[in-house]
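Make the full structure from the sequences, and use the hints.
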Amino acid sequence: MSKNPEFVKFDKVDKSYDGKVLVVKDLQLDIAEGEFITMLGPSGSGKTTCLMMLAGFETPTHGEILLDGNIISNIPPHKRGIGMVFQNYALFPHMTVYENLAFPLRVRKVEKDEIDKKVDKALSMVSLNGFETRMPAQLSGGQQQRVAVARALVFDPAVVLMDEPLGALDKNLRESMQYEIKHIHESIGVTVVYVTHDQSEALTMSNRIAVFNDGKVQQLSDPAELYEKPVNSFVAEFIGENNTFNGEVVDIAKDKCKVKLANSEILANPISVKSKGEKTTVSLRPERALINPTDKMDNMFTGKIEEVIYHGDHTRVRLNLLGSSEFILKVPNSTSNLELKVSQDINIGWDSTDARALDPK
Amino acid sequence: MSSETKQILTTDGIPLEVSLKKAEKKNKIKAFLLVAPLLLFLIITYVFPIGEMFSRSIDDKMITNMLPKTFKEMEKWDGQELPPEEVFTAFYYDFKVLVEKQEHGKLGQRLNKEKNGFNSITKKLFRQVKRNKIDESISIKEQIMKVHKRWRDVEYWQAIKRTAPPYTMAKYLKGMDMYYAADGSITQVEEDRRIHRILWLRTLEIAFFVTLFCFLMGYPIAHLLATLPMKYSNLLMICVLLPFWTSLLVRTASWMILLQQQGVVNDFFVMIGLVADDNRPEMMYNKVGTYVAMTQILLPFMVLPLYSVMKTISPSLMRAGKSLGGTPFVAFWKVYFPLTIPGIGAGCLLVFILAIGYYITPALVGGASGTLISNQIAFHMKQTLDWSFASAMGLMLLSGVLVIYWIYNKLVGVDNIKLG
Numbered sequence: 001m002s003k004n005p006e007f008v009k010f011d012k013v014d015k016s017y018d019g020k021v022l023v024v025k026d027l028q029l030d031i032a033e034g035e036f037i038t039m040l041g042p043s044g045s046g047k048t049t050c051l052m053m054l055a056g057f058e059t060p061t062h063g064e065i066l067l068d069g070n071i072i073s074n075i076p077p078h079k080r081g082i083g084m085v086f087q088n089y090a091l092f093p094h095m096t097v098y099e100n101l102a103f104p105l106r107v108r109k110v111e112k113d114e115i116d117k118k119v120d121k122a123l124s125m126v127s128l129n130g131f132e133t134r135m136p137a138q139l140s141g142g143q144q145q146r147v148a149v150a151r152a153l154v155f156d157p158a159v160v161l162m163d164e165p166l167g168a169l170d171k172n173l174r175e176s177m178q179y180e181i182k183h184i185h186e187s188i189g190v191t192v193v194y195v196t197h198d199q200s201e202a203l204t205m206s207n208r209i210a211v212f213n214d215g216k217v218q219q220l221s222d223p224a225e226l227y228e229k230p231v232n233s234f235v236a237e238f239i240g241e242n243n244t245f246n247g248e249v250v251d252i253a254k255d256k257c258k259v260k261l262a263n264s265e266i267l268a269n270p271i272s273v274k275s276k277g278e279k280t281t282v283s284l285r286p287e288r289a290l291i292n293p294t295d296k297m298d299n300m301f302t303g304k305i306e307e308v309i310y311h312g313d314h315t316r317v318r319l320n321l322l323g324s325s326e327f328i329l330k331v332p333n334s335t336s337n338l339e340l341k342v343s344q345d346i347n348i349g350w351d352s353t354d355a356r357a358l359d360p361k
Numbered sequence: 001m002s003s004e005t006k007q008i009l010t011t012d013g014i015p016l017e018v019s020l021k022k023a024e025k026k027n028k029i030k031a032f033l034l035v036a037p038l039l040l041f042l043i044i045t046y047v048f049p050i051g052e053m054f055s056r057s058i059d060d061k062m063i064t065n066m067l068p069k070t071f072k073e074m075e076k077w078d079g080q081e082l083p084p085e086e087v088f089t090a091f092y093y094d095f096k097v098l099v100e101k102q103e104h105g106k107l108g109q110r111l112n113k114e115k116n117g118f119n120s121i122t123k124k125l126f127r128q129v130k131r132n133k134i135d136e137s138i139s140i141k142e143q144i145m146k147v148h149k150r151w152r153d154v155e156y157w158q159a160i161k162r163t164a165p166p167y168t169m170a171k172y173l174k175g176m177d178m179y180y181a182a183d184g185s186i187t188q189v190e191e192d193r194r195i196h197r198i199l200w201l202r203t204l205e206i207a208f209f210v211t212l213f214c215f216l217m218g219y220p221i222a223h224l225l226a227t228l229p230m231k232y233s234n235l236l237m238i239c240v241l242l243p244f245w246t247s248l249l250v251r252t253a254s255w256m257i258l259l260q261q262q263g264v265v266n267d268f269f270v271m272i273g274l275v276a277d278d279n280r281p282e283m284m285y286n287k288v289g290t291y292v293a294m295t296q297i298l299l300p301f302m303v304l305p306l307y308s309v310m311k312t313i314s315p316s317l318m319r320a321g322k323s324l325g326g327t328p329f330v331a332f333w334k335v336y337f338p339l340t341i342p343g344i345g346a347g348c349l350l351v352f353i354l355a356i357g358y359y360i361t362p363a364l365v366g367g368a369s370g371t372l373i374s375n376q377i378a379f380h381m382k383q384t385l386d387w388s389f390a391s392a393m394g395l396m397l398l399s400g401v402l403v404i405y406w407i408y409n410k411l412v413g414v415d416n417i418k419l420g
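Those protein sequence lines, which keep their order, are chains A and B. Per the numbering used here, the very first residue in the first sequence carries number 1; after that it's consecutive. Per the numbering used here, the very first residue in the second sequence carries number 1; after that it's consecutive.
Warning: the hint list may mix true and false statements.
[Unchecked claim] Distance condition first, Cα-Cα at most 20 Å in a straight line; then the derived EDC-like pairs of lysine to aspartate or glutamate: (1) LYS130(B) with GLU100(B); (2) LYS69(B) with GLU103(B); (3) LYS256(A) with ASP354(A); (4) LYS334(B) with GLU111(A); (5) LYS231(B) with GLU111(A); (6) LYS304(A) with GLU248(A); (7) LYS115(B) with ASP153(B); (8) LYS361(A) with GLU248(A); (9) LYS330(A) with GLU228(A); (10) LYS334(B) with GLU99(A); (11) LYS334(B) with GLU132(A); (12) LYS361(A) with GLU339(A).
Rather than coming from a laboratory, the hints here were simulated on the basis of the structure.
Here's what the structure looks like:
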């Protein structure tokens, strides 16, 4: 079975609520069949609006949304056959778990024993067998969440939308639910469009992540690439931690450039700079800078420790380096025998390929 | 609790339960003192008047006190044939006391209510007694029987015997168009005189339809209020509440201006050619007027509970219903509507109970065919001064409301009511 790489297609979609501000600008996004795609972004970045347009609760101001090749902009929500998990679950409080799950089947006039079978299957998928007669209010947050997921899947929709479904759960439960949803996705192969503002959630669960900001997709790629190779300084800043240097390109070659900072120069990997004289923000992941570099690294500096924060599995060290006192270093605690102390001077080094010269902030 | 459970002691060695009770006692007293004024107020203004009303409605002690000797002798009489000499004698002496106190007229009126014709024969007897025409040394029975032929009729003596108990249900029977027949059985009045039953039915009918109209109009308004953005919903809320801030009398009066035959609404109908000028419909002093005015006045009582319930229903529930494949109607009917039932219950109960006892509006715009039982109660309070009958009908109304409340509780459940 060949998978359709353009199963869901946003084609030049604009959305404005008030006719003055575009909350979604010229969105071009293809989602493959069976893919788990996450729309990630700060609040107000337009990601939820995209989801609502796909579900049919909002209409695009311009452009078309296609589902399996068909334009769906004029199809009302109840005819789209898209499952949705809402932020606060939106379980029907006056119906039992069974009735909640049977609702989408009953409105589709499915036979009674077929309903029983499907509800049973959906409940076992989220390991909630035996909860059929409970009311939603009698369930814990995590259980309600599972019921909501089961209800969105019970009628075998082609696409399931999830709007920050784990936002109301506590940290541990959220993490275990992330794996559970990921496993459900893997086992039934449904296309999932997931919205969150939690980057670690996005990195854990998705096949691909679309980072939204200011109504636009900033980068669309798989989690590893997104983290390792952010294409602009917003993505670098938003995903994971990040040390930045603002400066000006003074020399540029094919895979290296020299960036002049306030009172020193560093070597970096030119990503979005093309020529000399351009302003740039160089981004470096904290774990890519090493203390006392043994290999020959092409950036080597000495910094003064300002603060040491113990985090259990690692220690965060804040340094005064190259004129900035915000340089963060992540040191795995197996090497904590280094005995880092405040106001100690240490040698720091990193590879110029890890220092990405991006657009200026 | 199992016997093995150890009694938990506080650090001072006092059992925990005892010290908890001690600690809570203070709070309980405080709480009681806080509600005490209200409790007192309720007893004075609610419990006591209703008790008073009840005792007045069944009270029949006046005549019991007027004819003490008679009733004592009558206990021995079987009530089949004319009473024996002793009853007549006792009645004569009771009557003589009343004549001295000039209360014989009251007796005549009271007995006349029991059986027509008593008024004139007590007056006749009074004249005989006044002129000392009755010779106490010979048979009093013979002399009284000679005063008027009705004194020889056993039915009149039976009527007197019926008034003996100090309490009577007669007022309640009257409220249901029934009475005690001569033989003491409960009988219905003739069909063309059953006015109260018509009034009760009309009250129920009007209350029911007013509730229905309020529901039909209030539901969409409440929904709009709950879903509109704040700046519009506030304005709409003011429109809903505006009638609340206007005097009831002013509102009713303005309905009179609108609905009368030469009124604004009729003028408008004539203007657009809906009705002929010489054939203006009567919209007031009948049921139409009562329906229109009462629905408008009671509408906020329906809208507010509905609104407060709808406000709590998350809009994502309707969305969920639609995204799961329900048409907008199905999503409304299966998801939204069931969640508003507590509000519907509260609103309907409130409007119905208010409507069933409504007084001023039907009195002003109802006319003859649009008045309710409460108008009848007021009529007896102010015009006939038959307070015990008014009390009896008031209590019947109250128990009717309680019965409705009970049925409602069985059907919907009072726990399902939500006022806010």
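* Checked against the structure, which of the hints given earlier come out wrong? -> Of the numbered hints, 5, 6, 12 do not hold.
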